[in-house]
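Chemist: Listed below are the residues making up each chain.
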Amino acid sequence: MPSNDERWLDAEAGPVVRPYALTQGRTRHTGESFDLVATVMATRARTDPGSLAPEHIGVLQLARIPTTVADIASDVDLPLGVVRIILADLRELGLVVISTPVVMAERVDKHTLREVLNGLRGL
Amino acid sequence: MDYGVSDSAGGHPKSSAQYRAIKILLAGGFGVGKTTLVGAVSEIRPLRTEEPLTEGSLRTDSTSGVEGKTTTTVAMDFGRISLRSDLVLYLFGTPGQQRFWFMWDELAIGALGAVVLADTRRLADSFPAIDYFERRQIPFIVALNCFDGATRHDTQDVRMALDLEPDLPIILCDARSKESAKEVLITLVEHVLVTASEEPLSGIA
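Going down the list, the sequences are from chains C and Z.
According to our numbering, the stretch in the first sequence is residues 188 to 310, in order.
According to our numbering, the stretch in the second sequence is residues 549 to 753, in order.
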């Protein structure tokens with residue numbers, strides 16, 4: 188099994204396949220839309236790895252600890268649109284949960300704002 | 549093999565509910581120092597997007613020979629600052645040119661606020677960003693990147709030139725300096741706190 192940080196398509200190899208070939212030509216993902224900083228986390232559901240494409244397995248492995256859509260897209264070095272489709276596929280299979288970030292709630296939580304402020308001052 | 553999640557280790561939060569990601573936008577004209585500022589204060593990460601070509605970009609980008617091309621790859625960066633193990637700040641530099649506006653809506657949804665980075669030699673470049681955030685009622689501040697050799701402007705002159713509200717913070721910064729970049733972000737969050745005290749905030753109008 189390749190390690191978590193290994194990229195499926197590295198820069199030197201060049202694009203082995205056109206990006207949207209990985210999604211069987213689909214350019215729109217299924218289900219509810221999600222933000223760039225929505226949190227992605229793998230569920231405990233088991234799956235037959237043979238049924239998943241390597242890119243899907245790579246994304247799933249990155250989501251073993253809570254991470255964001257943007258971080259995953261950067262780690263796998265695939266266009267954001269492709270990563271969204273892969274994530275939506277995994278969600279449909281019940282393998283990941285994608286949550287709306289806390290700050291997208293209707294009202295900004297002042298406690299969180301103060302925490303951000305303190306965090307920035309401490310950098 | 550089990551691809552499900554194993555027990556968390558290394559201080560990572562155990563559930564996504566505990567993980568809070570906060571998004572701040574950094575807007576401004578081309579070459580104004582957005583990437584420099586993000587790099588001064590955070591770990592820069594590359595992001596590739598493949599976007600549909602709009603009429604605007606078709607006019608700007610030559611597509612001769614590839615007339616069938618309907619998407620274009622846009623490379624952008626974002627910065628990530630871990631404030632705590634469960635609280636992470638994301639800085640997205642928004643491409644300044646109007647032809648990238650289709651990306652702004654996606655970036656702006658749920659953003660805590662925005663920094664408009666301006667160069668006093670090319671103040672007009674920041675008009676589109678200011679218009680955008682004003683129209684969508686996204687709290688923002690203006691940071692003037694003081695380039696070497698650029699004449700230092702009085703912030704009051706800039707306020708007049710940009711037609712900004714009297715209570716909108718305008719600060720001078722050096723996008724290369726970590727301390728200065730921190731100060732820019734602190735000023736924005738303080739402004740968001742003040743705005744939040746005055747009226748209920750919604751992410752996007």
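Source of the hints: derived by calculation from the structure; they are not laboratory data.
Certain hints may be false.
When the alpha-carbon atoms are kept at most 16 Å apart in a straight line, the in silico EDC-like pairs for lysine to aspartate or glutamate are as follows [to be verified]: (1) Z/726 to Z/634; (2) Z/730 to Z/591; (3) C/297 to Z/746; (4) C/297 to Z/738; (5) Z/730 to C/302.
If you only want the chain Z side, here are some residues facing chain C, beta carbon under 10 Å, derived [as the list claims (entries may be wrong)]: (6) 568; (7) 570; (8) 626; (9) 632; (10) 638; (11) 676; (12) 712; (13) 716; (14) 718; (15) 719; (16) 733; (17) 737.
Here the structure is a predicted model, which is why all the values come from computation and not from measurement.
Idealized CB from N, CA, C, for every residue including glycine.
Chemist: Hey, residue 297 of chain C versus residue 746 of chain Z, does the alpha-carbon distance stay inside 16 Å?
Modeler: 12 Å, holds
Chemist: Please verify that hint: residue 712 of chain Z, Cβ, nearest Cβ of chain C, below 10 Å or not.
Modeler: 22 Å, violated
Chemist: Using the nearest Cβ pair, does residue 676 of chain Z come within less than 10 Å of chain C?
Modeler: 21 Å, violated
Chemist: Regarding the pair residue 730 of chain Z and residue 591 of chain Z, is the alpha-carbon distance no greater than 16 Å?
Modeler: Satisfied, since the Cα-Cα distance of roughly 14 Å is no more than 16 Å.
Chemist: Hint check: residue 726 of chain Z vs residue 634 of chain Z, CA-CA at most 16 Å. Holds or violated?
Modeler: 23 Å, violated
Chemist: Min Cβ distance, residue 626 of chain Z to chain C: is it shorter than 10 Å?
Modeler: 6 Å, holds
Chemist: Taking the least C-beta to C-beta distance, is residue 737 of chain Z closer than 10 Å to chain C?
Modeler: 5 Å, holds
Chemist: Does residue 719 of chain Z meet its interface restraint, that is, does its C-beta lie within less than 10 Å of any C-beta in chain C?
Modeler: Violated: closest Cβ of chain C sits about 14 Å from residue 719 of chain Z, beyond 10 Å.
Chemist: Residue 718 of chain Z was flagged as interface toward chain C. Is the shortest Cβ-Cβ separation under 10 Å?
Modeler: 19 Å, violated
Chemist: May I ask you to test the interface hint for residue 568 of chain Z with respect to chain C, counting a Cβ-Cβ separation under 10 Å as satisfied?
Modeler: 5 Å, holds
Chemist: Just to be careful: measuring from the Cβ of residue 716 of chain Z to every Cβ in chain C, is the smallest value less than 10 Å?
Modeler: 18 Å, violated
Chemist: Tell me if residue 638 of chain Z is really an interface residue toward chain C, meaning its C-beta lies closer than 10 Å to one of theirs.
Modeler: 5 Å, holds
Hint compliance for this structure: hints 1, 11, 12, 13, 14, 15 are not met, and every other hint is.
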